Amino acid sequence: MSSLTVHSLHKYFGAFHAIKGADLQVAEGEFVTLLGESGCGKTTSLRCIAGLEMPSSGRIVIGDRVVFDGERRIEIQPEKRETGMVFQSYALWPHLTVIETVLYPLRRRKVNSSEAISRAREILEIVGLEQFANRAATSLSGGQQQRVALARALVIRPQLMLYDEPLSNLDPSLRRQVRDEILRLHRLNGTTSVYVTHDLEEAMHLSDRIVVMQSGLLEQTGTPAEIFTRPTNEFVAKFVGFENLLPARVVSTAGGDIEFEIDATGERATLPASASAKPVIAGDRVSVAFRSANALLHGERPADPVPGLLFRGTINRVDFLGSRNEYRIVSGDAHLRVTESERAYRREAMRRDAGAEAWVEVEADLVSIIPTGTADVRKCDARPVPKFTATGAAA
Amino acid sequence: MTERATMPLVGWMRPDRLPADWRGERLIARILLGAAIAVLFVLFLLPPIMMALAAFRVGNLAGQGDWSIGPFLETLGRASTWRVALNSIILSAASSLGALAMGTFLAWVSVRTTTPLRRLITPAMAVILVMPSLFYGLGWYLVVNGNAAPVNILLRSLFGITGSPLGSGWPIMLVVVIGYVIPVGYLFMVGPMARMDAALDDAARMSGASRTAAFFTVTLPLLRPTMFGVFVLMTSYGFSAFELPLLFGIQADIHVFSTAVYTTLTGQDAIPNYAGASTLSLILMALVIGLVVVRSFVLGSRRYSTITGKGFRPEPKDYGRIQWAFLAVFVIAVCWAGIIPLAQMIIGSFQPLFGLSLGFTTANYEAVLSERRTASTIMLTLVLAASGGFLAASVALVMSHMATRGGQFLRFVAAVVSWAPVAIPGILLGLALITAYLPVPGLRSLIGTPFMLLIGFIVVVTPIATRAIEGGVLQISPELEESARISGASKVVTFFTVVVPLVLPSFLAGWFIAGIGVAGNLSLPVLLSSPTMQTVAVQAYDAYRQGYATQAAALFLLLMLAVAVVGGIAWGLAFIITFLVKRAQRTRIDRVMTSTGREKHA
Amino acid sequence: MLKRHAKRLATALAIPLALTAGGAAALADGYDGALGTPEQEAKFQALYEAALGAGQTRVIAYGPPPAKVVLDTFHARFPKIEVIYQQLQSAERLAKLEQEKQTGNFVADIASDGRTPVVSMAVDGWCQQREHIMDVPEAWSGVNGTVQFQQVAVFGLAVNTNLLAIEDAPKSWRELTSEQWKGKVVMVSPAAGGAAAYTFAQMDHPDENDRKYDGIKEGIKENISLVARDALVLQEVAAGNYPIGALAYYPYFVQIKAQGAPIEFVFPFTEGGGNMWTKSAQCLIQNAPNPIAADLYMNWEFSKEGQQTLSDSGLYPVMPGTPGPGGLPPLDTVDLMEQLPDEQAIKAYGPYVREVIAFFGG
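Protein chains in written order, with this note's numbering: chain A, 1 to 395; chain B, 396 to 997; chain C, 998 to 1359.
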């Protein structure tokens, strides 16, 4: 088991700057997920760590061994990095059986034959495939194939496990199953792991820590809860499901509270300083963010509003989505999205038509304040200008 | 650290020193690669360049002597030059298309259906391929020419038509040439075809395509890289075809390019007209370059990996009763490409005069066997064909792999190396090599030795082997190699444990076809080796030119017998050894597994 | 073929016999007049001994080989020397010789081919001067004694006697162009070059031929069916597909006739200007590694035995008084078609040959 340090990693493909200076620290036994949309550089980062791509510059250390250093001209070949990797496409060899596939890494490491076989058998038992040992690996079902790939990666007890979207080729029911399997194996072996996915739920479920990536930059690092509740920028906020992002200006930060004015409605509100992942000062531009599901919808002004946000608006559109109703509400210049669970909408159905007046209430705990800079007013849906600094867990 | 921090945040620049790609181990690898590329260029690219330059020089050797543009202009100014070039283009393109279509279909029948006897297709095609074009042509010639020809007897009795109406002309020429290259098309296509996931077909079927449509819209397009390569190769070789167009075209006044090259070179001049012959070869060169450019344009940078490492099921499917029709096609193809001419050849080898019913004799075999060099000639041919074919296939495999995994530059190098020798007309091939290698110090001293012959064969047949193998390499998805690297295999080990096994069917096909190319080559042994080290093809062709066609047939049949025997033994041995090794491995695995299982239970 | 077969068997027997009897004994006894006069035989013997003494047991000739019977007979006569032919066309031969010259690794002893390529080589200084053991007439050696013409090949008309009585066969090219023979004649295509193209080139040049053969080429083209190879002409006639084969190569005719095919040869086949013929030529190459052995072989070809063997293979021996092959009259009594002198011919015929090839569509 080893820690992983990635320092100032850059990767160019020709003129294309795929990774723009990534810093990442993964502790021993930690399970870290690189989360982001396709093309954000997360897979490239993983391949650099594995040694399948050569970074343009930077440094990668696995345990206490430098496996890549652009300045010192160190480059350890992938086969010498003692990592295990699970590929999106399984990458099983069609000419080998299950047991041969699992034996392959052991044979390459010159493990004594009978020991190798018993280790292979053991790992196949663990992933529950021992009865398929002599079948062609590629003749199994998708979930079984990916478990063979897991077994192949784990059998050498790697210093570091790398997962490249291992579930995205599986159908949803299997996905859950293999995900549990990955988690179980991780808990069993405690291998330091880096996992790449674009699926939020996967990342939440599996990770000790999540790194959100966008356009070659690490946007935010944190525990699943931190990422989920306190995104530090608008991109992460949107990615983790904050549908409502309202530009606002901090008016004051007195007494552990943040008072701000929402541009679209001109109203002021106050939230505890803990609502922001980063400290803000008066005059800062921020986004006030909350999830549509966390807002409560009222037909009239609530008699006793909880501390937090309260909007008065008109229902613009109602979309029935089965398990929930989704509303578009116009409040001032703001367009809010609110969803209401089946339980709630059934009770209140009568008063929820387009054109009706509505009050939207959001509890203070469920609102995040996201600093967007100190510059001038931007449009509601404007993306933050990418900042070319590496943010992350690096000390 | 601080230095980095003071760098402008947006404008982080790549270090302007030696880029990372050019340092340390990679630098050494690059130097080695550079040396290898230099050697490849000398071996493969120099001959066509010399041939091209020779178009403008008049001297004792191609590419030497005084500069002159006269022969170039004179040759291109002749109307016949363009007429024969056009004839050759039509003949070679049409026959390549026909043979490729037939060969691809048979390959599909062989590996994707459950047609009866499908397992016989590959051995049958392999055996047919060994037949030399000379006897293939003579065999067909006797079937369609003369009063005693079966076709003419049939025509006479059915329609009262006399003479040999089908004896020559475009139709018979195409039929015969297509038949000759069907086995080539088949053997090129069967490897890649065997390596396709049945799910791809199924997906097409589920998307609403009929069986036929699935074949044409999914199976064939996926095989495009191989098909294009083989088409270009066949077309350019068809362009140099000599014997068949001569036999079936001359009576109908159809003249082709290769005859023009031959007559230009050997015309009754004091000095061989190298310049004229080379000028003609420029036409072939232009054609090859054009086709290769079109090919890379059409294929683009799309990916054709069909072996992706998941859900790989190449199993054949049962297509029902129509498979009997497939079997019929197979039988027809075998008769067409093999049995009819082969039967004539066997009969001829027992006749005192080829194709004349004057009784039967074993004198031809006695004559051949009493010749003191026959056994050693056959041995030498087998050894050269096996080793030359193997080396060429290996070069082709390594180059295809480098081209697939490497960048644009390596792709370019591989393309040039694997196409350059094709641009030289067959008749000029030996001359091109000898004139190109003569000034090269190391190679010069090898000329006349078997090594030079081997090198020459490798150069000449590598394009053939490459066409057979590159498609197979393209089919392997890169993750399969990456996962091996991660599993602890070095590049070299990955190559041998993952790439080679996966590409093996194509590799074996490439080896075999290249080996046949070696055995059938006429111009290299006479020029690059010593007079006492000749191959069966050269010997047989000499005998034929002296009027001993029957002995030539006997000699070739002995060679085919030897190939069949040696090939059969080798195949059998390989089969048994792999079987034993696999079984030993399995038992060991099983033993350990059950014993650890018992321990667990205990 | 049976005859040849018997001969080969005899040879096969003769070699071990000669060996067991001891080469020395054979040498001591001389050749019993098989080669020539006793003085000439002594010279042969001296040459043989000299070759063996110099370790020259192999002769390499670049060019189309003669019939096997020729080599077999030579090998039986001089058992310790082996002659190996390598079939090379003129461009290939020159390339190979040039390569040998440039690398200094000499292999070839003899260049053997038709007149044009060998004489061209001699003119370019590739060949060595030699002395003949036999009394070879001036006409059969050339370019200052560097080239020898040991045999001639003739072409005539082959007739299938089942289809056409030999007396009804045409006797001249002019007759052959008549309407009567349209579609009944088969000939090798001059479009593929070779002797056929050369024949028609000769009909155009020198000028006296041109007058005699005026219009023949055009008339022939109207009347004949063309095939790809010399051997096919005789095969077509023997098989009865055509009654007449024009420009039939006599050595092939002899071969096929020997197998019992119902064919006859019309000879001479002339147009007042003599019968079509080609000269074969050889020269000893400069720096040949086995010059003595090669000289022996080349001299032997002019010996009585050599000439007779060439005749057996269907070629015309050139030594005065030697009977022609298959009972044809001696060469010096045959009316041969006019040809340009050797050194002139090598340059002069090229353009005409190209013209002929183009005329026949090549």
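For the record, the hints were derived by calculation from the structure and aren't laboratory data.
Computed from a predicted structure; not experimentally measured.
A portion of the hints provided could be inaccurate.
Below, in silico cross-link-like pairs of lysine-lysine (DSBU-like), each with a Cα-Cα straight-line distance of 30 angstroms or less [to be verified]:
1. B/K886 to A/K110
2. B/K977 to A/K80
3. A/K110 to B/K977
4. B/K886 to A/K80
To spell it out: a stretch of chain B is covered by chain A in this simulated footprint if at least three of its residues, at any positions, have a beta carbon under 8 angstroms from a beta carbon of chain A; those stretches are [claimed, not checked]:
5. 840-848
6. 875-882
Beta carbons are placed, not taken as given, at the ideal position from N, Cα and C, and that holds for glycine.
Hint check:
no., hint, verdict
1, B/K886 to A/K110, "holds, 16 angstroms"
2, B/K977 to A/K80, "holds, 29 angstroms"
3, A/K110 to B/K977, "holds, 19 angstroms"
4, B/K886 to A/K80, "holds, 11 angstroms"
5, 840-848, "violated (count 0)"
6, 875-882, "holds (count 7)"
Violated hints amount to a single one, hint 5; each of the other numbered hints is respected by the structure.
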